[in-house]
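Enquirer: Spelled out from the first residue to the last, the chains are:
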Amino acid sequence: MRHSKSFAFVAAAALSLCVTTQARSAEYSLAVNLPLTGPWANYGQGMYNSFKLAIDQANASGKLGKIKLEVIAGDNAGNTAQAVNLTTQAGSDPSVLGAFCCWASEIGIATHGIYQRYGLPVILGGSNDHRSSRPFHQDAVVFRNSPYDLINMKFAAIYAADVAKFKRIYLIDDNSAFGRTQVDEFRKFAEEKTGSGIILGRESIAQGEKDFTPLLTRLEGLDPDMIYFGGRIIEASLMRQQMVRLGLNVPLMTSGGTFSDTYIKITGDAANGTLASFWGLPMADYPHGRGLVFEQAYAAAKFNNPYEAFGPMAYATGEVYVQAIEAAAKAGPVTRAAVLEELNTREFNTLIGDFHFDKNGMPSVIHIAIYVVRDGKWQILYQTDPDATKLVKVAQ
Amino acid sequence: MLSENWAQQIVNVATIGGMYTLVAVGFTIFFGVLGLINFAHGEVFMLGAFAALVVARTLDFTSTAGGVAMIAAMFVFATLFCGVVGAAIERVAFKPVRRAPMLVMLITSLGVSFILREAVREFFPDGANPLAFPSPFQSAEIRLRGVVISDTQILLIAASVLIVIGLYYLVERTWIGRSMRAIAEDRDAARMMGVDVDRVILAAFFIGSALGGVAGVMNGLYYLSIRFDMGWVMAIKGFTAAVIGGLGNIYGAAAGGYLLALLEVLIVALVPEGSEYKDVLVFLVLILMLVFRPSGIFRQAPQKVG
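Protein chains in written order, with our numbering: chain S, 59 to 454; chain L, 2 to 307.
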């Protein structure tokens, strides 16, 4: 009797395990690998929410038929080792069809090879450093939802040297892979335009540092007409406030690490005059009013954090996966290889525009715009033409 | 004649040094009474800034007199809040492991640090983002030729000096100070002499953490933005300042804070691309101090908490 009870228990447990496994195998998931905590959580949370919104909408609409996509929230905390673990976990989970990573450049650089090893398609959001992208490596599973620094910095330098005609630029980076490469590329393109005399010098600061007055006091003596900062939001904000306080009233130019309403909120009036080159448009300027529709849907979802600067691209990433999986399901079994095939061949209709990925996994639609903070708002000054060959002044 | 540039750098040293001192005195008190390097102190400093932000959002004064009242309320609330948090940390986290090896207490302090930091990120509204810190002082600046000093900087420097003097008085002239020194000297002997060790350690944590709260408010008022992870870097700097001056030595903490600031400013001001190597050189000094002069620059501590 006792044995038969034990047998029944084991059998029931085994049966429930089978049922659980079966239920699990009927689902598919997408693995997020973003800084949901830590110093860049504001960006990571906004990206995660936006990405999940696109997936939730697809699940609710029924357009994927019986497929229910699950979003696995992987928090890399801005830490490379943690991100590598998440990549390995996602790679070894057979339910995962694709990944969305990383925001920080250094994490993109560290993980692309692991995604390749597992044959897991990954779309990079942010991670602006070109070294995480093809053709700088041969990892065929890696795609991007925005252009990399070689393109962004080219237009930043065109603006600084050709349009605004700055003559005495001082460069500062935050010693991260992102910040250093931004400054390297900005310098390269600016010197190509005007010769080496345009750059007065270069310094690196540490992330987490709060007081830049000793450095800025020294720079006052060099009389720069612009400071370019390759770094992230909090350091840029403090630097700008301290520049204004010390009377160093020249523009501070930055890029995607700083382009954010949070920057304006924490910098206050001192933010006015800050320049940024960014691979995104004002929400009203995205095609077919999709930006505004997203904005309304995000507000209706009542997330705790704003979508931030990278939210629109993250939402577009979700749309890309939904369309790729939908197409793969119609063609046959839904596998990573099938999703990869769709990513390589399909045209996608997304918030940021209709595009396909080129042979290097780069989106065929590129928006780079130069913004300035005026009256407490980012206002667009210039944007690239449709072929991304030059900057075009935007009517105010 | 001192150039305007160098005069401004002296103001910078005084400001940065004042900030480091405010944090370093907390480290020195904890080390003095318990021999503990309390890395959670950085997060208590962060909590002070967030507590003051709550006060500022609640009391939305706009007049000058109202602004002064608001700042007073920010300091009072943040100080009391951090004092209570510090005392609670001592009771919940440190007291149970007080007799364990020092490494256990160190790891406990790191654990508390993580919990506080992530709790603020998770539960404070919009806590993952950097937050603007309101200050009625932000527009008031004194400009003497090319040298700029704001009233917040003056307040910060004055606060650091007054706190060091006040602590000296507390340690030397009060019952609680004598008890703290007795515990630092020999905890068991102090207990046999009638000192309520638990109560004194609790009081020391209240005082040290309350000072962390003051530092957090000053940090918010001066830098005008705060973030949930602001404590770690300041903890490292405060700890370094305390080591340079001599852990457990209140004057040493002040001297260490200003010396650390002077070192940082000199590197940036004199060495081309020196900003990049600033922290390397600072931590090199820390290592050299620990190896060759672990008791700090004041080998014979004039006034020791411990």
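Just to be clear, a hint being listed does not mean it is correct.
The calculated SDA-like cross-link candidates involving lysine to any residue, where the alpha carbons are at most 20 Å apart (straight line), are [to be verified]:
{"#": "1", "chain 1": "L", "residue 1": "K96", "chain 2": "L", "residue 2": "D187"}
{"#": "2", "chain 1": "S", "residue 1": "K268", "chain 2": "L", "residue 2": "L263"}
{"#": "3", "chain 1": "S", "residue 1": "K268", "chain 2": "L", "residue 2": "K96"}
{"#": "4", "chain 1": "S", "residue 1": "K435", "chain 2": "L", "residue 2": "A133"}
{"#": "5", "chain 1": "S", "residue 1": "K126", "chain 2": "S", "residue 2": "R394"}
Think of the hints as simulated: they come from the structure by calculation, not from any bench.
Predicted model, so just to flag it, every value in this text is computed and none were measured.
Enquirer: With the threshold set at 20 Å, check whether the alpha-carbon distance from K126/S to R394/S stays at or below it.
Expert: holds, 16 Å
Enquirer: Is it true that the CA of K435/S sits at most 20 Å from the CA of A133/L?
Expert: holds, 16 Å
Enquirer: Take the C-alpha atoms of K96/L and D187/L, compute the straight-line distance between them, and say whether it is at most 20 Å.
Expert: Given pair K96/L, D187/L holds - Cα atoms ~17 Å apart, limit 20 Å.
Enquirer: Can you confirm whether the C-alpha distance between K268/S and K96/L stays at or below 20 Å?
Expert: Between K268/S and K96/L the Cα gap is close to 34 Å, so the pair fails against 20 Å, i.e. violated.
Enquirer: Does L263/L lie within 20 Å of K268/S when you go C-alpha to C-alpha?
Expert: Status holds; Cα separation ~16 Å.
When the structure is compared with the earlier hints, a violation turns up for hint 3 alone.
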